[in-house]
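2 protein chains.
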Amino acid sequence: MVERLGERFDREQERFVEEWKSFLRFPTVGADPTHHPDCADCAAWLRDHLAGIGLQAETLETTRLPAVYAEHRTGRDAPTILFYGHYDVQPADPIEAWTTPPFEPHLRNGRLYARGAEDNKGQLFAFLKAVELLLADHQLDLNLKIIIEGEEESGSHGLSDRLDAWQERLAADILMVADTGTVADGTPTIVMGLRGMLHLAVSLRGPSHDLHSGLHGGLALNPVSELARLLATLFAADGSIAVQGFYDGIQPPTPVERELIQRTSFDPAAYAASIGMPPVAGETRFAPLERLGFRPALDINGFSGGNAESMKTVIPATAKACLTARLAAGQDPERCLQAICDHLQAHTPEAMALTISNAGSAGPGFRIDPESAPVELARNVLTAMTGGDPVYHWEGASIPIIPALAAASGAAPLLVGFGHEDDHIHAPDESYSIAQFKRGFLYATNLLVAAARLHRDDLT
Amino acid sequence: MVERLGERFDREQERFVEEWKSFLRFPTVGADPTHHPDCADCAAWLRDHLAGIGLQAETLETTRLPAVYAEHRTGRDAPTILFYGHYDVQPADPIEAWTTPPFEPHLRNGRLYARGAEDNKGQLFAFLKAVELLLADHQLDLNLKIIIEGEEESGSHGLSDRLDAWQERLAADILMVADTGTVADGTPTIVMGLRGMLHLAVSLRGPSHDLHSGLHGGLALNPVSELARLLATLFAADGSIAVQGFYDGIQPPTPVERELIQRTSFDPAAYAASIGMPPVAGETRFAPLERLGFRPALDINGFSGGNAESMKTVIPATAKACLTARLAAGQDPERCLQAICDHLQAHTPEAMALTISNAGSAGPGFRIDPESAPVELARNVLTAMTGGDPVYHWEGASIPIIPALAAASGAAPLLVGFGHEDDHIHAPDESYSIAQFKRGFLYATNLLVAAARLHRDDLT
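Top to bottom, those sequences are chains A and B.
Numbered per this note's numbering, the first sequence spans residues 1 to 460.
Numbered per this note's numbering, the second sequence spans residues 1 to 460.
It is possible that part of the hints are untrue.
To be verified - When the alpha-carbon atoms are kept at most 25 Å apart in a straight line, the in silico SDA-like pairs for lysine to any residue are as follows:
hint : chain 1 : residue 1 : chain 2 : residue 2
1    : A       : K320      : B       : E96
2    : A       : K320      : B       : T355
3    : A       : K320      : B       : H424
4    : A       : K320      : B       : W98
5    : B       : K320      : A       : L107
6    : B       : K320      : A       : L454
7    : A       : K320      : B       : E19
8    : B       : K438      : B       : E19
9    : B       : K320      : A       : P428
10   : B       : K320      : A       : S310
11   : B       : K320      : A       : P252
12   : A       : K320      : B       : A237
13   : A       : K320      : B       : K438
14   : A       : K320      : B       : V449
Hints are computed from structural coordinates only; laboratory data are not their basis.
Computed from a predicted structure; not experimentally measured.
Bound conformation, chain A alone (with noise of 0.2 Å):
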């Protein structure tokens, strides 16, 4: 089937490839506001063309951005697959290190590039592909739901907000998410855990107004040098976070886990060729890949202060930063968030006025169980396709509804993706090969069909 398989998406990848460059072309910023009227285009646009593949589609609100739902029944007791993805998309930033602008995709050598080509557009949409096809030649003999949501990268809060009332819609055996990477290209990787997440930005007010520097320094606390010093509070000499109980709760590997960890091969050289720098942050204590997947980090991910493109000799009155966390399985979300805000104002200086904003924590960190009876079909699927054992990985990153979707639809997540490092998701210059689409694509089909096979009790 796979070879016939195959052939098929050649012969339809043109067209494949046109669709997937309409979704790409809404710039779906769910952090932005400006850009909502965009995100709600998009919503309306996937609606119409789930309904158009022949699937029962809505556009679903939440307390945010609009979700799209669609679904697809069998007649008989088969298994139920709950499919989540998300339209939004990173910001585009910096616009001018792009080679071809983010929202006009672009394809070269076999590569398409616009912002979410990857992340998760493309992903989801060789899922899409693969539900068309099997509903085209009547094979979809199992129960379809997708969900598709417009805030995963500011946190879920919309669909968050809905999961109690949507808990009976949403009731699935297998929780399926296309939205993560491979530990290299092509080699099939199936996800076993993911990490939490927790947001904040803050604000260091200090003098009334900018001041001049010349006749207010020395006398006048400058908001930018305390935001730096009070940021650099937050990290130890050693690498790791000097933020009290942060580290509280977290689980460590358990025997099978660490012994999976160690099977899988880490390249310190090949990382760092990479990504241009060596793996030295962080807990160094832990190997890397215990560090990614097993314990939590803390990035700055903004500061803005002053003027730091030219010479401007003030005290400017402000300065901010965005920060993010990533939580091991085990930390609590809120009680991490609260100590880190407690920290700040700690340290803060009695003269000035520290403001905390957009503070919440988008969900925990959490790990599959590597003998789980999905994860066991998804090998199986990926061992058919490519003739190898996938590798079991913990990648540091996080999708922080799948807790509470997994929780609320009484599904397993399962988690396959085709990305890879070269992506740069997240980056200028996001692109997907056409070669990893169609690995998405072949694999969603396979899975679709092997599923469809098993009894519900198979399951669980």
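Once you've looked at the hints, dock chain B against the given chain A.
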């Protein structure tokens, strides 16, 4: 004469303000190369204006931005005054914080609002109007030389490079500068010293491209976090500067200076009210006025890295900052700059690349002998004008070229200006009141008349 002069000013005020506005409309941001054509246009306008009031005027090319030179020679062996000013202004950002656009001067409530309204276009224009009046009345009975440069806000490098060549042209007895402030609005103030300055821009490069902070957080060093840590190492916990050798050579106040500082009142509560925070920065073991006038300061004037506006979960490839230090008399600017660069290099993580650019010393700090003849002359003029003794003040700002210009011209610096904290120089909504402009005009007129009565020997 003051009375009569005041009436003259009032009659001419409307025309003066219109001309002052024309001067302010040139967006002469010397630090920004895109504004260099505006600087050249402004220099040409200024040359024509000076010629129009009866001076021999020309623009002089420097190695960078042009300077404007004008002179008036009297027939006799009278004192020679060299007046120094600058037509360049600070950058106007943040533009959105201005009530009216920075380069569209707007008069309201007796104040003219524009970038440069005070610093230095307003102050120097009041001097030029005094010269115009004296020339029209054939009362300018001394030798006057005027040099107005375009790089005061970015280090005066162009003029500096020319000083050796222009030594004869600039030779004078008194170096008059109208680019300083008053300790309180309306309190005549003679500035007795200025701090020197050095400047540098730093950029920290980490990964070769922006990274997804989930896929790399805890492995890849974050340039924003590391730059915050690196810059924080410049400061000790007690508020002093933690750079080895930085404080070397500082000249403490002389007994006469110490007595004068102690006579100057400094009200921490009034200071706090005027800038919105108490004077708690820096080396707090020194009294505020000593800290400002006799001790150095180091400020991060700008910091930028990643996206601080909205949630963007990246580890950016680079982060950058601009810094300036104000130097006390006795500190060697080049050595201080080297000490800071060495410190930054030594504290940069091995896996990252630090680039230092725009590093330079704009000039050393200096102090003026409180008992010198030009100071005595100004004291007499200000006392006659206002009926009270002027305050002697060490204000903390820098006019980088002054020590070198004093040395090249052989003239003794005399710093009297009428700026005030409320003018918000270097900040949004910079303004200068008609009342302040008038004081500058009256002082200049009286000073030029009084100086003409002296013999050159009285001034040494």
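For each hint, the structure was consulted:
1. K320(A) with E96(B): Roughly 17 Å between the alpha carbons, so the hint for K320(A) and E96(B) holds.
2. K320(A) with T355(B): holds, 23 Å
3. K320(A) with H424(B): Between K320(A) and H424(B) the Cα gap is close to 22 Å, so the pair holds against 25 Å.
4. K320(A) with W98(B): holds, 20 Å
5. K320(B) with L107(A): violated, 33 Å
6. K320(B) with L454(A): violated, 56 Å
7. K320(A) with E19(B): violated, 40 Å
8. K438(B) with E19(B): holds, 14 Å
9. K320(B) with P428(A): holds, 19 Å
10. K320(B) with S310(A): With a Cα-Cα distance of about 11 Å, the restraint between K320(B) and S310(A) holds, given a limit of 25 Å.
11. K320(B) with P252(A): violated, 37 Å
12. K320(A) with A237(B): holds, 22 Å
13. K320(A) with K438(B): With Cα atoms ~41 Å apart, K320(A) and K438(B) exceed 25 Å; violated.
14. K320(A) with V449(B): violated, 52 Å
When held up to the earlier numbered hints, the structure conflicts with 5, 6, 7, 11, 13 and 14 and fits the remainder.
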